[in-house]
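> Sequence:
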Amino acid sequence: METEATAEGSAVVAEFTVPVAEFALGETIDALDGSAIEIERVVAHGNDCLTPFVWVSGSEREAVATALENDPSVSAFDLLADTGDGNGDGSEDGRDHEYLYRTEWSDRVGFLARLLVEEGGTVLAAMTADDRWRFRILLPERGALARTHEACSEAGLTMDLVRIYALEDGRQGRFGLTDEQEDALTLAFERGYYEIPRGTMAKELADVLEISHQALSERLRRAHGNLVENAVVLGRGVERER
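Numbering-wise (this note's numbering), the sequence shown opens with residue 847 and increments by one.
Everything labelled a hint here was simulated from the structure, so no lab data went into it. Just so you know, even glycine gets a beta-carbon here, dropped at the ideal spot from N, CA and C. Check before you lean on any hint, since a few could be wrong.
[What the hints assert, rightly or not] No more than 20 Å apart at the CA atoms, straight line, and that leaves these computed lysine to aspartate or glutamate pairs for DMTMM-like: (1) LYS1049 with GLU1064; (2) LYS1049 with ASP1029; (3) LYS1049 with GLU1028; (4) LYS1049 with GLU1036.
[As the list claims (entries may be wrong)] Derived DEER-like restraints, expressed as beta-carbon distance ranges: (5) GLU1075 with GLY1002: 24 to 34 Å; (6) SER999 with GLY966: 13 to 23 Å; (7) HIS995 with ARG887: 18 to 28 Å; (8) ASP953 with ALA1048: 21 to 31 Å.
Taking the hints into account, I'd like the entire structure generated from these sequences.
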């Protein structure tokens, strides 16, 4: 976990997981097995009222409504959008639709959301996978993350940090790239390696970087994997098979 390079006063992005059973929508997730559930954003109204906006896909609208109605972590909800309405390209049962709900959560599960708002945090991504919520959160400084982690521990909420990086790290931090991987990707793109037909060959890139063809191949594969995991997979509820 990258922690040493993060300055105390710098804005940080933290990725962490929380068990579904300790947070919101646990029973909805169980009832809608196989569906994708993602928090779009959390809006604060005054000091006490939070409004999480949630996307659900992979289930019929009626099944989603029933699951939310029966979920004790949800105190109220409203359907705001159905991406299949009126476009004629949805399946008959609505399973390929996406539904956007405005929700209200019970005080018990709303603790983490309220805490993040109080610390000036912004939810960049939040989705479910393998019985856990995975969050990517922007916080104004590292101290806010430390306070959030401590408060969660005191409240009995299991917050497992996955990665922390400073906002100044830019794409390298956000996408998990090393300096060498970013250099290889940039060179490959600039030389037309990803074009069809290719503007250069791997051996030529390896020669410029003064590494072997095998080393370049491995470096690009790792870089591609990091990009897919951090730019595509996060937010879609997909986990890598181990």
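> For the pair we were handed, LYS1049 and GLU1064, check the Cα-Cα distance against 20 Å.
13 Å, holds
> Starting from LYS1049, check that the Cα of GLU1028 is at most 20 Å away, please.
Cα-Cα ~18 Å, so holds.
> Using the C-beta atoms of HIS995 and ARG887, is the stated range 18 to 28 Å upheld?
For ARG887 against HIS995, whose Cβ atoms are near 22 Å apart, the range 18 to 28 Å holds.
> Please verify whether LYS1049 and GLU1036 have alpha carbons no more than 20 Å apart.
15 Å, holds
> Between ASP953 and ALA1048, is the Cβ distance one that fits in 21 to 31 Å?
57 Å, violated
> Quick check on a hinted range of 24 to 34 Å for GLU1075 and GLY1002, using CB atoms only.
Since the Cβ atoms of GLU1075 and GLY1002 sit about 30 Å apart, the hinted range of 24 to 34 Å holds.
> Okay, SER999 versus GLY966 on CB: inside 13 to 23 Å?
Given range 13 to 23 Å: holds, Cβ gap about 20 Å.
> Check the hint pairing LYS1049 with ASP1029 against an upper bound of 20 Å on the C-alpha distance.
16 Å, holds
Checked against the numbered hints given earlier, the structure breaks only hint 8 and satisfies all the rest.
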